[in-house]
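Undergrad: Top to bottom, those sequences are chains A and B.
Those letters in the first sequence? Residues 1 to 736, per my numbering, in order.
Those letters in the second sequence? Residues 1 to 364, per my numbering, in order.
Everything labelled a hint here was simulated from the structure, so no lab data went into it.
C-beta: ideal position from N, C-alpha, C; glycine also.
Certain hints may be false.
[Claimed, not checked] Distance windows between CB atoms, simulated:
1) A/A279 / B/K195: 34 to 44 angstroms
2) B/E120 / A/K436: 46 to 56 angstroms
3) B/E120 / A/D293: 28 to 38 angstroms
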Amino acid sequence: MDCHLLGIRHHGPGSSKSVRAALKTLRPDVILIESPFDAEPLLAFAGDPGLVPPVAMLVYDPKDFSRASYYPFAEFSPEWQAIRFGLKNGIPVWFIDLPAANGLVFDKNISDRGPGLFTDERQEHMQRDPIGEIALLAGYTDGESWWDVTFEQEENELAVFGGIAEMMDALRGDFPSIDRHTLVREAFMRERIRQAEKIGFKNAALVCGAWHVPALQSWQTTPSSRDRALLRGLAKTKIQTTWAPWTHERLAGHTGYRAGVIAPAWYELLFKNRKFAVARWMSRAARLLRKKDFNASSASAIDAVVLAENLAALRGRKAPGMDELREAAWSTLCEGNPEKLELIEENLIVGLAWGKVPPHIPQVPLQRDLESCIQSARLSKEYRSIEPVDKNLDLRNPTNRLASQLLHRLHILQIPWGKQKKGSQFKTGSFSEHWKLKWLPDYSIRIIEAGMWGNTIAEAASAWLISRARESNDLAQLTSWLEELLKAALDEPLPVLLARIQDQVARAHDILRLIEALSPLVEIQRYGDNRRTAQASVEQLTGELVPRICIGLTPASVNISDELAEAVFQGILEMNRLLGILDREDFLENLREALKALSTNPHAHPLLQGAATRLLFDKGEQGAAGSIHFHLSPAQPPAIAARWLEGFLHGSGLLLLHFPPLWQALDDWVDALSMENLTALLPILRRTFSRYSGAERNKMLALARGQTQQGKLGPEIDEERARRMEAFLLDLIGKN
Amino acid sequence: MKKTSEQSILRPNAETAFSAELESLSKMDERPRPANWKLSPWAVLTYLLGGTLKDKTVISPKYYGPRRLMEIAVATLATDRALLLIGIPGTAKTWVSEHLAAAVSGDSSLLVQGTAGLSEEALRYGWNYARLLAEGPSEKALVPSPVMRAMEDGKITRIEELTRIPSDIQDSLITILSEKVLPVPELNTEIKARKGFNIIATANSRDRGVNELSSALRRRFNTVVMPLPATLEEEVRIVQARVEQIGQALELPAAAAPLEEIRRLVTIFRELRSGKTEDGKQKLKSPSSTLSAAEAISVIQSGQSLATHFGNGVIQAGDLAASLSGAVVKDPNQDQTAWLEYLETVVKERDGWKDLYKACKDLL
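Throw the hints in and build the complete structure from the sequences for me.
TA: What follows is the structure in C-alpha cells.
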C-alpha cells in the first residue's frame with residue numbers, strides 16, 4: 001500500500017490549501033487523520049450541514065469530568081478540510097491516533113525523556129507546532145507568512161509535503177529524546193496504517209502534525225511486534241463523545257493574541273482569499289473603525305498597506321504577516337490609539353466567529369433539558385449571541401420569571417451564563433432583575449459535568465445544593481444558598497438547608513450573621529415557598545433565631561469601634577424591619593426589651609444607644625423622650641453626644657419637626673457648644689442632616705429662623721378642620 | 001556671521017557628532033536606497049539602534065526602546081506619509097527625529113520650532129521686503145522656510161511641538177503633505193517637492209491646551225507613540241549613556257557619576273512616576289512633574305558639575321539633593337507633600353539611603 005504522509009501545521013490555512021490540492025491529485029481510497037480512534041463515531045455528523053465550525057470534538061470520562069479533551073477544528077483546519085473532502089467524495093475517513101480512552105488516563109508524569117537540546121517548554125512547542133518554530137528561527141513571528149514565502153510558490157503540492165518531511169527528519173534528529181506519550185501515540189498510528197493495508201486499501205493519504213511524519217514514515221520498517229509491545233497494558237477508561245460549539249477566541253488560546261500563536265480571523269481570511277489578504281484585511285479594519293464611528297478613510301487603509309509592506313521589507317520578509325499588519329494599522333488607522341487597536345485585535349485578529357452544533361447530535365440529557373428551558377424562557381437569541389447581551393426581566397411576567405429561575409439555577413450549578421448587574425441587589429419582593437448574559441463555550445463541559453447531578457436543570461441544581469449544604473459549616477454560605485434557592489424557586493433542598501442552618505445557628509456568636517440568616521427566612525414566611533412544605537420548620541427556626549439575636553444585641557454593642565458600630569447599626573435597623581414584617585407580638589416584645597437594655601447601657605456605643613432610643617420612641621415608649629436631655633446634657637462629651645444624635649435622628653426628619661421638646665433640646669445643645677467643638681462636630685452633624693429630604697431640611701431651616709424671630713413653633717391648630725380630616729383618615733386606614 | 005570653530009560648539013548636530021559612524025555605514029551599505037536617501041532603511045535602523053558592521057566599526061545605539069517602533073518610523077519615512085512622534089516629555093521624541101533626519105538626509109538642521117505665535121511664513125515662505133519693493137515679486141525676493149528648502153532639496157524637515165502651532169497655521173501643511181507641492185500664487189508658480197522629502201513632527205501628549213490636529217492633517221501622518229523606558233535597567237542604561245556623552249561635551253569627568261547614584265536616582269524617578277515602589281508593595285503619591293529619563297539626565301549632570309567644581313569630584317548625596325528636589329517639586333503645594341511623604345516613608349527606611357534622606361531633608 002502507498003501511504004502518503006501529509007505533514008501539516010495544525011490550524012494552518014496554508015497547510016489546508018495544500019492538503020486539499022494534494023487530496024485532489026492523489027485521489028486516495030482511504031484518508032487517515034491524527035485524531036483519537038474512539039472519536040470516530042463523531043464522523044457520522046461531520047457532514048451535517050448544521051455543524052458549522054469552529055466546533056470541537058469533546059471526549060470525556062462520564063465518571064470523572066476532570067478528564068476531558070477538546071479537539072477543536074476551524075473551517076481552515078487541514079484536518080477539517082480532509083474530513084469534509086472524504087465525506088463529499090465517498091472516501092472512508094479513519095481516525096488513527098491513540099484512543100482517548102487510553103489518552104485521558106495516560107500517566108504523563110512518568111517522563112523517561114532524557115536531557116534534550118532545549119528546555120521542556122521549548123520542546124513542547126516544537127512538537128506542537130514545529131513549522132511555527134522553524135519560522136521563528138527564520139525570523140518570522142508569524143508561521144503563516146513564513147509558510148507563504150517558503151511554500152506558496154510551489155507548483156506541485158506534493159513537493160510541499162516532501163519538503164516538510166525532510167525538514168522534520170532533520171529536526172527530529174536534534175531531539176533524540178521524545179516523551180513516552182508521543183512514542184505510544186505514534187506506535188498506535190503505525191498499527192492503524194498496517195491495519196488499513198491489511199484490509200486492502202491501496203492508496204492512503206495520512207493527515208498528521210508535521211512532527212509525526214518521520215515516525216510514521218517508518219511504518220513498514222518498524223517491526224509491528226515492537227509497536228504492539230509498547231501498546232500493551234495501557235490504562236483505560238470509559239469515554240463518551242460529542243460535538244461542542246467552539247469559538248475563534250478559544251482557538252486563539254486562553255491568553256488572547258500572542259505573536260506566533262494562531263490568529264483565527266486572519267487565518268480564515270488567508271484560507272478564503274490568500275491572494276489579496278493584506279489589502280482585504282486592512283480595508284476590513286477601516287470599515288470596522290468606521291462602523292464604530294471612528295475616522296478611517298480608504299486613503300488611510302491604502303497607506304497602511306504600504307506601510308505594512310515597507311515594514312516587511314525592512315525586516316527582510318517577503319510579505320507582511322500578522323505583526324506587520326497589526327503595527328501598520330496601529331500607526332496609521334488607529335493613530336496610535338490603543339483602544340482602536342484592541343478593537344481590531346478582537347475582531348480581525350482573533351475574531352468573533354462562533355460555531356454551531358445541530359440539535360439532533362447526541363447530547364447529554366441535561367443539555368437537552370437546558371435547551372428546552374431556554375426555549376420556554378425565550379432566551380434562544382441570547383443563547384446564540386456571540387456578544388454579551390443585556391436583559392431586563394420583569395418577574396411579574398411568567399416567561400421572564402422562568403428566565404430568572406433558569407439563570408439562578410445555572411448559577412447554582414456554577415454556570416454563570418448571566419451575571420446580575422450591580423445595583424440590582426433585590427429582595428424576592430421586587431419585580432425586576434437586570435442581567436448581562438454571555439454564554440461561553442466551556443460551559444458545555446460544565447453542563448455535561450453537571451449531568452451527574454440530574455437530568456433536568458432543576459433536579460441537578462437541587463441535588464447539587466443538597467450535597468453541598470450537607471458538607472458546609474459556614475453559616476454565611478448556607479444563608480446565601482438559602483437566598484439563591486428562593487430566587488431559583490427550588491423547594492427540594494429547603495429542609496436540608498434549614499436543618500444545616502439550625503445546626504450552625506446554635507454555634508454562631510456573631511449576631512450580624514444571625515440577622516443575615518433571618519432575612520431569607522422572613523422572606524419565605526412572607527411570600528411562601530411554592531409548596532409550603534417547609535413552613536413549619538421555617539417558623540421554628542425563626543423562633544430560635546429572634547431571641548438569640550435579641551439577647552446578643554447588647555453584648556455586641558459594647559466597646560466596639562465606630563466601623564463595627566456602623567455595621568451593628570444597620571443590623572439593628574434590618575432586624576427592626578424584619579420583625580415589623582413578621583408582626584408577632586412575642587418577637588416585638590423581645591426586641592423592645594433588648595432595645596431598652598441597649599439604650600440604657602452606658603458602655604454601649606453612643607450611635608447604637610441613640611438608634612435604640614429612637615426605635616423605642618417610635619414604638620411609643622414615652623420614657624425615651626426623657627433621655628434626650630440626658631444624652632445632650634453639657635456633661636456629656638460633645639463627640640459622644642453627636643454620635644448619639646446621629647443614631648437617634650436616623651431616617652426621617654419629621655420627628656424633629658413635630659416634636660418640639662426634641663427640637664428645643666437640640667437647639668439648646670447646639671447653643672451651648674463652644675465654637676471649637678462645633679467645628680469639630682460639623683461633619684457628623686452634617687452627615688446626620690444630609691440624609692433628610694430637601695423638603696424636611698427646608699422646614700427645619702424655616703423653623704430655626706422662625707424660632708429666633710418669634711420664639712414659637714408652627715401654626716396654631718384649627719380644631720374644626722382637624723376633626724373633619726380625622727373621619728377621612730380613619731376611613732382610609734379602615735378603622736371606622 | 002563669524003563661523004564658530006567645531007570644538008567650541010556647545011552641542012554639535014547629530015550628523016556632525018556621529019559623522020564617522022554615518023560615513024562607515026554609508027560605505028558598508030549595499031542595500032537599495034530610496035531616492036535621495038543617504039542610507040538604506042536598514043542602515044538607518046542600524047544607526048539608530050546600534051550594532052557592529054562587517055568592517056568591525058561599532059555603531060553606538062542612539063535609541064534604547066523597542067526595536068519595532070523604530071522600524072515603523074523608518075518604514076514610514078519611506079512611504080509618502082509623514083511621521084508623527086507622540087509621547088510625554090523626555091521620551092526621546094526630538095532626539096529620535098534629529099537622528100532620523102541626520103541618517104536619512106544627512107542634515108538635521110531643517111527645523112521648525114512650533115510655538116503658539118508661529119506664523120505661516122515659518123512653514124511656507126516669507127519675503128525679503130527691501131527686494132520686494134525694489135524689484136517686485138520675484139523668486140529672488142522669496143525667503144524660503146525650512147520646509148520649502150527641504151522640498152527643493154528632497155530632504156527631511158523636522159517640526160517640533162506640532163500641536164502648539166495654531167490650527168489654521170498647521171493646516172497649511174495639508175497641501176504640502178498630500179500633493180507634495182507648495183503653491184506660490186504671487187509668482188504664479190509652485191515648488192514641487194523632490195523625492196526624499198518628508199516631515200517628522202513631534203507632539204507632546206501631556207500638555208493641555210494644545211491645538212489638536214485636524215483630522216485632515218492627522219491622516220497624513222503615521223503615528224508612533226514613544227513609551228517610557230520599560231524596566232529600571234533599561235532606564236539606568238539610557239541615563240548613563242547620555243550622561244557620558246554630554247559629560248564629554250561639557251568636559252566633566254565620567255567618573256564623577258557612579259552607576260550606583262544613577263540607579264538610585266532612576267529608582268526614585270520611576271517610583272514617583274508610577275505611584276508605587278519598585279517592589280510593588282507600597283502605594284505612593286505621584287507629583288505633577290514629568291520625571292522622564294531626560295530629567296534624570298539633567299539632575300545627574302548638575303550633580304556632576306557641582307561635584308567637579310565644588311566637591312571632591314564624585315557625586316555625593318548632597319550634590320544630587322538640590323537638583324533632585326527641584327525636579328520633583330514643580331508645584332509647591334501638591335508636589336511638596338508627595339515628596340515629603342516619599343522621603344519619610346521610602347527613602348528613610350531604605351538600606352544605605354540615609355545620606356540622601358539627610359541631604360534632602362536639609363534642603364526642605
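Undergrad: None of the hints should be skipped; say for each whether it holds.
TA: Hint-by-hint comparison with the structure:
1. The hint said 34 to 44 angstroms for the Cβ distance between A/A279 and B/K195, and at roughly 25 angstroms that hint is violated.
2. For the hinted restraint 46 to 56 angstroms between B/E120 and A/K436, the CB-CB distance of approximately 53 angstroms keeps it satisfied.
3. Look at B/E120 against A/D293: about 33 angstroms separates their beta carbons, and that is inside 28 to 38 angstroms.
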